[in-house]
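Letter by letter, the chains look like this.
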Amino acid sequence: MSMKPTLSTGPAKAVDKGLLERRKAVAGILGDTKNMLIVTGLAGSKDDALAAAGDVPNLFTLSGAMGAAAAMGLGLALAQPDKRVVVVTGDGELLMNVGTLASIGVMNPPNLSILCVDNGHYGETGWQESHTSRGVDIAKMAEGGGIKQVRTVTEESQIPEASKLLRGSNGASFILLKVAPTDPGKLHRSRDASYNKTRFREAVLGKN
Amino acid sequence: MAEAPAWQDQLYDLLREFKVTQFSYVPDAGHRTLINRSIADPDVHSISLTTEEEGVALQCGAHLGGARSVLLMQSSGVGNCVNFFSLVQHGRFPFLTIVSMRGDFGEANPWQLAMGQSTQPVLEAAGIICMRAESPGDVITTSRAACTMAYQSEAPVAVLLTQKLLGAKAFSTE
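Protein chains in written order, with our numbering: chain A, 1 to 208; chain B, 209 to 382.
Calculated from the structure, these hints are not laboratory results.
Hints are not guaranteed to be accurate.
[To be verified] Examples of chain A residues toward chain B, derived with CB under 10 Å: (1) Asn35; (2) Val56; (3) Phe60; (4) Leu62; (5) Ser63; (6) Met66; (7) Gly73; (8) Thr152; (9) Glu155; (10) Ser163; (11) Leu187; (12) Arg189; (13) Thr198; (14) Arg201.
[Claimed, not checked] Listed next, the stretches of chain B that the computed footprint assigns to chain A, with coverage defined by at least 3 CB atoms under 8 Å from CB atoms of chain A: (15) 255–261; (16) 264–270; (17) 293–307; (18) 339–346.
Remember, predicted model here, so these are calculated numbers, not experimental data.
Think of the CB as a built atom: it goes at the ideal place given N, C-alpha and C, for glycine as much as any other residue.
One chain only, chain A, in its complex shape (with noise of 0.2 Å):
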């Protein structure tokens, strides 16, 4: 018989010792977001996002073309080489294109960063494990897709340094976040890519 999964139904209640709560790790690396342009994923990584920054027209946020958020990234970040772009998303919208990494490992913009919050679930589904909590790795994914500054992020004394190169970094950069699979709760924002678009368009370019 192959390996089935771990069955699961539902988030961790608590933040078990030793690992990391989403939304506190993911503030903390993003840090002060009023200069960044931002896409997010679908669902944990958009509330995540979306805590950290507020709502705010600096942030695209995705509710559905899964597996989008990277190269809506990377194509943003070709035309703002002036702006830190950065990308935060989840592993089970990551793995859905996950050749967008190799993509975006040759072209190197030095602007992007990617932030993915690897919770290992598939939350919005009702908390099926994903490849990540099975042994597969997304950051050495991201190395072996041509991304050379790459960090797996499991504890709080690791934040700063990630920060800094989400923040900083010359060249595409990549940050693993592990975090427990706990349910911080969801978040409204408009799910009216159209309007999203042209506030964020306004934001950027002074106009639509």
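Got chain A sorted already, so can you dock chain B onto it with the hints?
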């Protein structure tokens, strides 16, 4: 390799006239000139993708940042893009793709027929306007109209470079 027809260079010049600065692609023989010109041009990004849907998302990201992008792909790649077209449609992003057709007119590889015959219906079902170029004299007029609609009206548009235009890939006739 045979010399590329003149419209291929003219098509690159047209895209540059429209200030396209991001050329993304999964390589295809039909796009050889566009790809090579984008590599040789110091003023544009030439982005090799691992799969075509990356180019859909890339183009939406480019628009967020105020840049114009085009996705070059073969008709089989359209099938890889379908879910990402929801980003284009729902977000009302401008979108331009130039699709070199297989499985279209005189195809000899049966594997190409299913997606080739599905390409235009799939694009249209996703809300993308399809414009077919059937002859060398057609390509630039059609592409200019497509660029205007995509970059000025901010509509989603696909130019289909048909096998009547490109010629079907030659296989042994046995």
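Hint check:
The beta carbon of A:Asn35 is not positioned within 10 Å of any beta carbon in chain B (closest approach about 14 Å), and the interface hint is therefore violated. Given hint, A:Val56 at the interface with chain B, is violated; its Cβ is 14 Å from that chain's nearest Cβ, farther than 10 Å. The beta carbon of A:Phe60 is positioned within 10 Å of a beta carbon in chain B (closest approach about 6 Å), and the interface hint is therefore held. The beta carbon of A:Leu62 is positioned within 10 Å of a beta carbon in chain B (closest approach about 8 Å), and the interface hint is therefore held.
At about 9 Å, the closest approach between the beta carbon of A:Ser63 and any beta carbon in chain B falls short of 10 Å, and the interface hint on this residue holds. About 7 Å separates the beta-carbon of A:Met66 from the nearest beta-carbon of chain B, less than 10 Å, and the hint is met. A hinted interface residue such as A:Gly73 counts as satisfied when its beta carbon comes closer than 10 Å to some beta carbon of chain B; here the least separation is about 6 Å, so the hint holds. At about 23 Å, the closest approach between the beta carbon of A:Thr152 and any beta carbon in chain B exceeds 10 Å, and the interface hint on this residue is violated.
Hint status for A:Glu155: violated, given a least beta-carbon distance of 32 Å to chain B, over 10 Å. The beta carbon of A:Ser163 comes no nearer than 23 Å to any beta carbon in chain B, farther than 10 Å, and the hint placing it at the interface is violated. For A:Leu187, the suggested interface contact is broken, since its CB lies about 20 Å from the closest CB of chain B, more than 10 Å. Given the 10 Å rule on beta carbons, the hint for A:Arg189 is violated: about 14 Å separates it from the nearest Cβ of chain B.
The interface hint given for A:Thr198 holds, since its Cβ lies 9 Å from the closest Cβ of chain B, which is under the 10 Å cut-off. The beta carbon of A:Arg201 is positioned within 10 Å of a beta carbon in chain B (closest approach about 6 Å), and the interface hint is therefore held. Counting residues of the region 255–261 of chain B whose beta carbon lies closer than 8 Å to any beta carbon of chain A gives 6, which meets the minimum of three for the stated coverage. A count of 7 residues in the region 264–270 of chain B with a Cβ less than 8 Å from any Cβ of chain A is obtained; the coverage claim is therefore met, three being the minimum.
Chain A is given as covering the region 293–307 of chain B, and this holds because 6 residues of the stretch bring a CB closer than 8 Å to a CB of that chain, at least three being needed. Proximity of the region 339–346 of chain B to chain A, defined as three or more residues with a beta carbon under 8 Å from a beta carbon of that chain, is not established by the 0 residues found.
Hint violations for this structure: numbers 1, 2, 8, 9, 10, 11, 12 and 18, all remaining hints satisfied.
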